[in-house]
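K.L.:
Taken in order, these protein sequences are the chains called A and B.
Heads up, the first sequence is in this note's numbering, so the first residue is 1 and it goes up one at a time.
Heads up, the second sequence is in this note's numbering, so the first residue is 1 and it goes up one at a time.
Honestly, the hints are just simulated from the structure, not real lab data.
All clues given are correct.
One-sided and incomplete, this derived list gives chain A residues near chain B with beta-carbon spacing under 10 Å:
(1) Pro126
(2) Lys210
(3) Asp269
If you want the ones that stay clear, here's a sample from chain A, every Cβ over 10 Å from chain B, calculated:
(4) Leu5
(5) Val35
(6) Asp43
(7) Leu95
(8) Glu170
(9) Arg171
(10) Met179
Here are the simulated distance ranges between beta carbons:
(11) Leu166(A) / Gly55(B): 43 to 51 Å
(12) Arg190(A) / His52(B): 52 to 60 Å
(13) Ser2(A) / Val14(B): 46 to 54 Å
(14) Leu98(B) / Pro32(A): 46 to 54 Å
(15) Ile61(B) / Leu61(A): 52 to 60 Å
(16) Ala42(B) / Ser40(A): 34 to 42 Å
(17) Gly181(A) / Leu118(B): 51 to 59 Å
(18) Pro36(A) / Leu118(B): 44 to 52 Å
(19) Pro300(B) / Arg169(A): 25 to 33 Å
(20) Trp143(A) / Leu60(B): 20 to 28 Å
(21) Pro194(A) / Ile47(B): 53 to 61 Å
Computed from a predicted model, the values in this text were never measured in an experiment.
Ideal placement from N, C-alpha and C gives every residue a C-beta, glycine not left out.
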Amino acid sequence: MSDFLKRYMASHLATIGLAFLLIALFAALFGPWLVPYDPSAQDILQRLKPPLWQGSEGIHLFGTDALGRDIFSRIVVGARVSILVGVSSVIISGLVGVTFGLIAGYEDKYAGRVLMMLTDIQLAIPFLVLALAVAAVVGPSLWNIIAILGLTNWVQYTRVVRAECLVLREREFIQAAHMMGISSTHILTRHLLPNVMSSVIVISSLLVAKMILFESSLSFLGLGVPPETPTWGTMISEGRNYIGNAWWVATIPGVAIFFTVVGTNLVGDRLRDLLDPRLRQIEG
Amino acid sequence: MANFLVSRLLYAAVVLLGVSIAVFFLIRIGGDPSALFLPPEASIEDIQRFRHLMGFDRPLIVQYWDFLSRALGGDFGMSLRYEQPAMQLVLERVPATLQLGGAAFVLSIVLAVPLAILAAANRGSAIDRASLLISLIGQSFPAFWLAIMLILLFSETWHVLPPSGRGGWQNLVMPAIVLATYSTAIITRLLRSSMIEVLQSDYVRTARGKGVRESRIVLSHALRNAAIPTLTVIGLQVGALLGGAVITEEVFAYPGIGRLAIQAIANRDFTVVQAFVLFMAAVIVVINLLVDLSYGLLDPRLRKGK
Chain A
1 MSDFLKRYMA SHLATIGLAF LLIALFAALF GPWLVPYDPS AQDILQRLKP PLWQGSEGIH
61 LFGTDALGRD IFSRIVVGAR VSILVGVSSV IISGLVGVTF GLIAGYEDKY AGRVLMMLTD
121 IQLAIPFLVL ALAVAAVVGP SLWNIIAILG LTNWVQYTRV VRAECLVLRE REFIQAAHMM
181 GISSTHILTR HLLPNVMSSV IVISSLLVAK MILFESSLSF LGLGVPPETP TWGTMISEGR
241 NYIGNAWWVA TIPGVAIFFT VVGTNLVGDR LRDLLDPRLR QIEG
Chain B
1 MANFLVSRLL YAAVVLLGVS IAVFFLIRIG GDPSALFLPP EASIEDIQRF RHLMGFDRPL
61 IVQYWDFLSR ALGGDFGMSL RYEQPAMQLV LERVPATLQL GGAAFVLSIV LAVPLAILAA
121 ANRGSAIDRA SLLISLIGQS FPAFWLAIML ILLFSETWHV LPPSGRGGWQ NLVMPAIVLA
181 TYSTAIITRL LRSSMIEVLQ SDYVRTARGK GVRESRIVLS HALRNAAIPT LTVIGLQVGA
241 LLGGAVITEE VFAYPGIGRL AIQAIANRDF TVVQAFVLFM AAVIVVINLL VDLSYGLLDP
301 RLRKGK
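All chains should be modelled from the sequences, with the hints used to inform the complete structure.
P.N.:
Written out as structure tokens, the structure is:
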């Protein structure tokens with residue numbers, strides 16, 4: 001493990017990315033105990049105060065929003081929703097996508113064709129709009145968002161896992177297991193699954209970055225988590241109305257999203273280079 | 001070729017049928033929209049009468065069948081909000097979105113293709129590393145935030161571009177940049193890595209051995225062969241790219257189909273959402289069909305086989 005870490009750290013950029021990601025994770029886990037202010041405490045006298053470096057009148061590092069809430073505290077606490085949604089929805093799409101991919105790659109007659117058709121249907125749906133429509137109908141809640149994002153982003157797993165299974169299926173150890181009368185379930189979970197795991201890890205890390213962006217888009221449009229929970233997307237949407245006289249309200253949460261996503265992408269890229277260089281083509 | 005075309009078209013029809021089923025049922029999992037169209041003081045009898053009038057009281061499967069048979073005849077239902085045919089509302093907005101999408105597409109090709117070629121031909125150089133960094137950054141922006149930042153700079157601070165609406169080319173600049181950012185990043189990255197792979201292949205080595213000029217190898221041999229995997233992935237990404245158009249149009253109040261869709265969702269105007277998703281799905285399916293057919297143009301070996 002430490003050997004792997006050493007190889008990972010050989011890339012400076014990837015190390016910086018890991019640092020961004022760890023900061024976001026730390027904020028997501030311990031945010032509420034770290035912040036100087038209550039993230040939802042309003043203070044009308046302190047509204048729209050600029051960040052510290054812009055004028056010394058404030059005591060707020062990143063300034064305050066239109067309700068006088070401390071932006072730094074909201075950014076730190078907001079990490080929790082981004083990370084939670086990013087990771088949970090990727091777990092759901094991974095479970096769905098890998099299962100489909102294993103089945104479609106191993107048994108490519110009937111079930112396989114139906115599953116591949118399902119992926120084509122999924123790909124043909126402008127998912128953001130469908131996610132928005134479903135979110136609007138079922139109402140904004142954290143778990144709804146996780147379920148919607150998870151169930152609309154599994155296609156990449158299915159395609160990659162299926163392609164790898166189609167190759168693995170012809171290898172001797174699988175053929176041998178088959179002839180020894182080992183059950184299909186056992187072959188799928190004990191022999192095929194471990195062999196596709198490195199691709200799954202790489203796809204997952206890159207997908208987390210996308211999910212964080214999707215969550216922020218849904219929150220920005222007011223269809224993410226309920227508005228009282230601070231999230232980076234909601235903060236940008238609120239700050240948008242004050243863009244002319246208080247640029248920091250909308251700008252700073254975007255920087256937080258950007259660094260988290262860059263960090264996650266850098267980690268994903270590095271994992272791909274180390275674990276599975278062939279995936280270069282498939283990613284998107 | 002004809003067989004291939006027919007089977008692809010049939011498959012596309014089945015996919016669209018699947019999309020229609022998915023969309024119809026998904027946007028109804030929260031119940032029917034009667035309550036939204038009646039005043040709060042409406043009595044239970046009024047609600048019942050409205051539901052009956054709109055056909056919302058029938059089993060969903062019957063409603064779907066009804067919807068499907070009408071849709072095949074070109075009738076996608078009336079917008080509950082605007083009292084106009086839903087598909088007509090969508091189609092009216094297509095030129096605006098096409099203009100925006102076209103501008104963004106041209107922009108990303110103009111930026112990404114030369115960048116990827118230069119990067120792949122000079123692997124490991126400063127320009128190669130710059131291309132990787134550019135595509136990393138381009139993939140990591142939230143589009144709506146980038147849009148607001150551009151408005152902050154070009155409209156609020158320097159007053160050189162209008163922040164919203166549609167009209168002259170000035171209205172197109174910022175939305176096109178936002179929309180092109182993600183696709184530029186993706187195309188650069190994919191084209192670069194497939195070009196690098198092609199440049200290491202045997203036939204490129206042979207061409208070099210024969211003394212073919214390097215510029216010709218890169219531009220003719222490598223680019224052509226690297227285009228296929230790149231096109232495939234772009235085809236798969238079309239849905240995501242069109243999704244980006246939705247949010248871009250919303251931030252810039254650009255009157256295209258994306259903004260219409262967002263408004264329809266806010267109004268629970270189911271028929272318009274349905275018409276929009278089906279229209280987009282058809283576009284995505286057709287684009288992927290064209291991508292499949294273009295393989296034959298790019299690679300003569302593939303012309304006969306299918």
